[in-house]
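Student: Since the structure of chain V is already known, use the hints to place chains B and U on it.
Chains V, B and U are the protein sequences, given in the same order.
Mapped onto full-length UniProt numbering, the consecutive letters of the first sequence carry residue numbers 1 to 280.
Mapped onto full-length UniProt numbering, the consecutive letters of the second sequence carry residue numbers 1 to 369.
Mapped onto full-length UniProt numbering, the consecutive letters of the third sequence carry residue numbers 1 to 293.
None of these hints come from the bench; they were simulated from the model.
Fair warning: there could be bad hints in the mix.
[Unchecked claim] Selected chain V positions facing chain B (Cβ under 7 angstroms, derived; list incomplete): (1) Gly-107; (2) Pro-167; (3) Glu-169; (4) Leu-170; (5) Arg-175; (6) Ile-176; (7) Ile-188; (8) Pro-191; (9) Asp-245.
[What the hints assert, rightly or not] Cross-link-like lysine to aspartate or glutamate pairs, in silico, DMTMM-like; alpha carbons within 20 angstroms at most: (10) B/Lys-178 to B/Asp-166; (11) B/Lys-251 to B/Asp-342; (12) V/Lys-232 to U/Asp-129; (13) B/Lys-102 to V/Asp-187; (14) V/Lys-183 to B/Asp-95; (15) V/Lys-135 to U/Glu-42; (16) B/Lys-108 to V/Asp-187; (17) B/Lys-131 to V/Glu-169; (18) V/Lys-273 to U/Asp-96; (19) U/Lys-100 to V/Asp-245; (20) U/Lys-137 to V/Asp-36; (21) V/Lys-183 to B/Asp-72; (22) B/Lys-212 to B/Asp-26; (23) B/Lys-212 to B/Glu-58; (24) B/Lys-7 to B/Glu-31; (25) B/Lys-168 to B/Glu-123; (26) V/Lys-183 to B/Asp-75; (27) B/Lys-212 to B/Asp-194; (28) B/Lys-131 to V/Asp-187; (29) U/Lys-237 to V/Asp-245; (30) B/Lys-251 to B/Glu-221.
Where a beta carbon is used, it is the ideal one built from N, C-alpha and C, also for glycine.
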Amino acid sequence: MNRIRLVDHLVLLLGVFVMVAPVVVAFMTSTHDAVDIHRNGLSFTWGGHFTETYNTVLTRKGGFTGDITGARMILNSLILGIGFAAGKIVLSMLAAYAIVYFRFRFGTLFFWMIFTTLLLPLEVRIVPSYEVMTKLGLTNTYTGLIVPLLASATGTFFFRQFFKSVPEELLEAARIDGAGPVKFFFDILVPLSRTMIAAIFIIMFVYGWNQYLWPTLMTTDERFFTLVRGIKQILLVWVGSNIPDYNEAFALAILAMLPPVMIVLIFQRWFIKGLTESDK
Amino acid sequence: MASIGIKDVSKIYNGGVTAVSAVNIDIADGEFIVLVGPSGCGKSTLLRMVAGLETISEGSVTIGDRVVNDVDPADRDIAMVFQNYALYPHMSVYDNLAYGLKNRRTPKAEIDARVAEAARMLELQPYLERKPRALSGGQRQRVAMGRAIVRKPSAFLFDEPLSNLDAKLRVSMRGEIKRLQRRVGTTSIYVTHDQLEAMTLADRLVVLSGGKIEQIGRPLEVYHRPATTFVASFIGSPAMNLVSGEVHGSKLALGPALIELGATVPTQGAVTVGLRAEDLRLHQGLDGSMPFRIDYVEELGAQRLVHGLVGDQPMVAALSAEIPLPETASLSIASFRLHFFDTASGRRIDWAGERAGAAATSTVEFVIS
Amino acid sequence: MKRVQFSSVYLPYLFIAPQMAIIFVFFYWPSVQAIQSSFYLEDPFGFGATFVGLSNYSDALGSVQYQAIARFTVVFTVLVTFLSLGIGMLLAVKADAVLKGSSTYKTLLIWVYAIAPPVAGLMGMMFFDQHIGPLVKFAALFGWDMKVGLNYNDTAIAMIIVSVWKQIPYNFIFILSGLQSIPVSVREAAAIDCRSGFRRFWTMTLPLLAPTAFFLLIINMTYALFDTFGVIDVMVKDKAANNPITLVYKVYMDGFRGNDLGGSSAQSVILMIVVFVLTIFQFRFIERRVHYN
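So here's chain V without its partners, still in its complex pose (with noise of 0.2 angstroms):
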């Protein structure tokens, strides 16, 4: 018995090594400096240049058009960041309670037509999508970079089955109760659905923040950078120099997952809750 439990243990210690090793390698090497890095390679020791590597990547004005800082880079990615999950929230909340709640012309027409957005993901129209943002003269807008995004029906699925499962019995009470339609979603609903809007908060900023794709089609200016879009341009300057900047392109690569793995790891219960419900 006791061998097989160490057996066990002997695994999970590995699979966490894997997980974990090549971002505390990722971290480590960033503290140290670039010739350092170039000529002894990656690194599992502290380096000594956190400060200076760091300070160097947030502020420095970097780029080709030299006007953008990893600071702007990170407010960019809190900008889309929180303004999907937010959108996405309202968004999807919204429309779950009209499909949900009320029964009117077309509703079920409306319910298709939102649901069939969960069939074709962006990355598949991606060409089209651009020459309407292009039409729309949305490029390199925060409206562009977000509102399209919002564009699917994952939140609203998930807002859709949870008010399918509020007991019936509430609405009717509340409607006894006088309370009209604006009420009851104000009073009950939203209320209700605290710890929903929480755990669909952390998976949807997560899943805002490390957009890739739509960033890089609608965001040619770099005043508009997010982090993770500017993961690209980072390799781009490196591949011409002599002795490449790895410290600072790992800082950058830390700095990127720093954000969203924070909040999955402190709100891990609402994370995992928000994942396996709402199914991605």
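Tutor: Just chains B and U now, with coordinates in the frame of chain V:
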């Protein structure tokens, strides 16, 4: 306070399924009416039509002197207690009680006074700041009651409010509901599938089956003179024995047994006969009129239920636990305790022979009430 | 939906309007455009378009290059799907089995989920770097001279490793929560009926996990097909010519680098059909999953 009139009310769903058909009930001001029947009999649908949660397909519902068919539930001046209580989980007990009043723009002082009064009546004062999830089942039930009381409505509607409680709590809450209703004197409609609950709570019972009324009457009236075989088998525990028999001349034949009916007989020929288990007497040997083959016995403590066969028809007798069970036994019953039903329609057949019995039971009833 | 619903003349439309508006502009309009332009040959200089029927489709499907990319996409998808599902399941089963430290393992194993694919790709580039990459040095120990970014197969292997690494937590989370939702009483009954742990896993746990596993199968396939775009884009560093790419990447290349709108759209539509079929499967199983829970 108000009377409630239910006139020719039907509920026909879109698919053409009729859940309630042409129901008529007149409920007097302050009366406690219980709608009872098996699941799917339409009792909840009927209640929900009175509440306004379900549209009325045909007929009309009157509360006071106002036809409320097209009135919003909030404006019908009713309050409802739900089976799962439907408390707002994110609100404190106080807010749960106050929510309906706030929505009606009741002045704050008045809300406070009414909530305090209801809390005192229901002994909820210590819990006013708690959330529903921090309450026990019985306390939640009380909050649900309180939510109805604070509104001072014309009518209380109860939708199986006790079925989520354990057996012991159910009995005590039953008493509490009855006491409370007496005290505030509000007209009440109460839905349940539990015939015992129906019997103990009701001023009058309405027995429903398949969307139709089988019988309306005071509890003992329904018990002693069930209008149909359905009511006979539904009200009372153990259920009334229903066996088929035949009347020839002045004698009733139940399988091998012959029972003398006396001067008047209900009918001639085939008939369904009802025998209450507690009306049966056990005899040693074949002294009684019906030879009884004992199959098995349920011991209930104070009494025992003896299951067996008369001829080839099953029969249950409720007997005192002290009577020894003989090898060969027979049963007898006073002929005026027999119930007769038309075999085809299941409707009760009145006959002069039961009058003596009816007189006896009405005396009993008088003593109880 | 609900037994009782509100009936209001304008409110539901008001509530659903924002979502519908966004879906119309950013989903239906582009999708219809994609289908439409897949039948046209667009002039690269913007002088209108000619209707060419299905020739964009036949061009794409007939091209040797497209077929090679499609083959790679299939291999890539299958390997990423099964490796990440297999490793995720192994870890989940072990994490479920150990009594001590289960939640610590869980925490340590899930957070890589939050790393964006291109960031994972960037880290992969470092670890497979010709000069400093420890994994290249590790491969060299076995006499394998890995040239990620130059050698087709080496790049493919690196891409698969990074993609699998990134997806393990997702599978781990779902399988672990699937395992933990198996009632204790069922486990106890199985423990009484079956002595061998392995057999118990095979005959009891796995069938109960089947709906979750099937759902994950589809999700992993969509992940490998689409979400790995970031990994690939970073790892091939714009030198797609002699490197392995997937079909989605080709759509992007043809549309934005090659300016072949019609061809790119036709490829989009082909992918749409693939996703459509996958999602129909997924829907049926989501419904069942929800139902069983």
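Student: With the threshold set at 20 angstroms, check whether the alpha-carbon distance from B/Lys-7 to B/Glu-31 stays at or below it.
Tutor: holds (17 angstroms)
Student: Is it true that the CA of B/Lys-108 sits at most 20 angstroms from the CA of V/Asp-187?
Tutor: Status holds; Cα separation ~18 angstroms.
Student: Has the given pair, B/Lys-131 with V/Glu-169, been kept, meaning a C-alpha gap of at most 20 angstroms?
Tutor: Within the cut-off at roughly 18 angstroms; holds.
Student: Does B/Glu-221 lie within 20 angstroms of B/Lys-251 when you go C-alpha to C-alpha?
Tutor: violated (27 angstroms)
Student: Quick one, are V/Lys-183 and B/Asp-72 close enough, alpha carbons at most 20 angstroms?
Tutor: holds (15 angstroms)
Student: Min Cβ distance, V/Gly-107 to chain B: is it shorter than 7 angstroms?
Tutor: Result: violated, 15 angstroms to nearest chain B Cβ.
Student: For the restraint on V/Leu-170, tell me whether the closest CB of chain B is nearer than 7 angstroms.
Tutor: holds (5 angstroms)
Student: Would you check whether V/Ile-188 satisfies its interface hint, that is, whether its CB is within less than 7 angstroms of any CB in chain B?
Tutor: holds (6 angstroms)
Student: Take a quick look at whether U/Lys-237 and V/Asp-245 sit within 20 angstroms of each other, Cα to Cα.
Tutor: holds (16 angstroms)
Student: Against the 20 angstroms threshold, does the CA-CA distance of U/Lys-100 and V/Asp-245 hold or violate the hint?
Tutor: violated (42 angstroms)
Student: Going by Cβ atoms only, is V/Pro-191 closer than 7 angstroms to chain B?
Tutor: Holds: closest Cβ of chain B sits about 4 angstroms from V/Pro-191, inside 7 angstroms.
Student: Can you verify the interface hint for V/Glu-169: is its Cβ closer than 7 angstroms to any Cβ in chain B?
Tutor: Status holds, d = 3 angstroms.
Checked against the numbered hints given earlier, this structure breaks hints 1, 9, 19, 30; the rest are met.
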